[in-house]
Amino acid sequence: MFEILKTKAPIRFMHYSKPATVLSLVLIALCFFSLFTRGLNWGLDFTGGTVVEVAFEQAVELDGVRDSLAGAGLPGATVQHFGTSRDLLIRLAPQEQVDVQQQGEAVLAAMQQLSPSAEMKRLEFVGPAIGKELAEQGGLAILVALLCILVYVGMRFEWRLASGAVLSLAHDVIITLGVFSWLRIEVDLTIVAALLTVVGYSLNDTIVVFDRVRENFRRVRDTTTAQVFDEAITDTLSRTLITSATTLVVVVALFLKGGALIHGFATALLLGIGFGTYSSIYIASAWAMLLGVQREHMLPVQVEKEGADQEPLP
Numbered sequence: 001m002f003e004i005l006k007t008k009a010p011i012r013f014m015h016y017s018k019p020a021t022v023l024s025l026v027l028i029a030l031c032f033f034s035l036f037t038r039g040l041n042w043g044l045d046f047t048g049g050t051v052v053e054v055a056f057e058q059a060v061e062l063d064g065v066r067d068s069l070a071g072a073g074l075p076g077a078t079v080q081h082f083g084t085s086r087d088l089l090i091r092l093a094p095q096e097q098v099d100v101q102q103q104g105e106a107v108l109a110a111m112q113q114l115s116p117s118a119e120m121k122r123l124e125f126v127g128p129a130i131g132k133e134l135a136e137q138g139g140l141a142i143l144v145a146l147l148c149i150l151v152y153v154g155m156r157f158e159w160r161l162a163s164g165a166v167l168s169l170a171h172d173v174i175i176t177l178g179v180f181s182w183l184r185i186e187v188d189l190t191i192v193a194a195l196l197t198v199v200g201y202s203l204n205d206t207i208v209v210f211d212r213v214r215e216n217f218r219r220v221r222d223t224t225t226a227q228v229f230d231e232a233i234t235d236t237l238s239r240t241l242i243t244s245a246t247t248l249v250v251v252v253a254l255f256l257k258g259g260a261l262i263h264g265f266a267t268a269l270l271l272g273i274g275f276g277t278y279s280s281i282y283i284a285s286a287w288a289m290l291l292g293v294q295r296e297h298m299l300p301v302q303v304e305k306e307g308a309d310q311e312p313l314p
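In terms of my numbering, the sequence shown has 31 at position 31, counting the first letter as 1, and numbering is strictly consecutive.
It is worth saying that the hints were derived from the structure and are not from the lab.
If a hint is listed, it holds; no wrong ones were tucked in.
Restraint ranges, calculated between C-beta atoms of paired labels, are given here:
# : residue 1 : residue 2 : range
1 : Gly154    : Val250    : 25 to 35 Å
2 : Gly83     : Ala253    : 22 to 32 Å
3 : Leu290    : Pro75     : 41 to 51 Å
4 : Asn41     : Gly292    : 37 to 47 Å
5 : Gln294    : Glu133    : 42 to 52 Å
6 : Pro19     : Arg122    : 54 to 64 Å
Result set (EDC-like, lysine to aspartate or glutamate): computed pairs, CA atoms no more than 16 Å apart in a straight line:
#  : residue 1 : residue 2
7  : Lys121    : Glu53
8  : Lys121    : Glu105
9  : Lys121    : Glu57
10 : Lys257    : Asp63
11 : Lys257    : Glu61
12 : Lys121    : Asp87
Remember, it's a predicted structure, so these values are computed and weren't measured experimentally.
C-beta atoms are modelled at their ideal positions from N, C-alpha and C, and glycine is treated no differently.
Take these sequences, add in the hints, and give me the full structure.
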């Protein structure tokens, strides 16, 4: 296996587990403070609003459309291509004392200034009740994913490792949402998808580390639990760095060149990859050590064979 980092001795990751735990607790507290005081900046997927579909005879640039809408007094609109580069889907937040028809007419007027061939194909209103239901279903999807992961890791490894894995995943999700709350980044359905992606990515790193931990526990006898975790993390460090680096190349490209529509999605993935790698080492492993995982917990159960305690016949 190709390694980009070779060491003569295991890196003492667990030596810094206590400071890392304190840092994580401080970050979690700050995130909860921001979430409870500032809340999340919910997007139109959750708050409801007006949806306008506009068709053009020629391809249009999204930046020009946003500038035209802002100039017409419709800032903050979500604009995306719908099917082809000649069709647009424009979503607007609800405004007081302005009905759906007036918003649609204002959008069409702005688009016809940009291109006289613009034609409105669809105009509809999405109520906040549907947005609330989407928010509840998104949160439920993340919760169910964490519970399923808890069952899976508990069956494959051991309940102490399973609880550490789920705690690290919850850590990544909370910090990502806390950053979004503090920076007032809009949260839409793509962010929910990004959070589920982060959960899967972080779990992958954790499973690889735990698999090596179990192998080392069964292979090595005269060593401490901290040394077993240090050796397992060091052994898998090259794989983690290669995986994170290659993933970051794609995510950074999305962040820089993907446009405003997926900027939040790319931001969530950047945060998730960074904190996911960190939590696999210092949250999942440190929590399993805190719960007292030992070598005997990793050994397979010995099944006593029938008749093994009987004396052999003469």
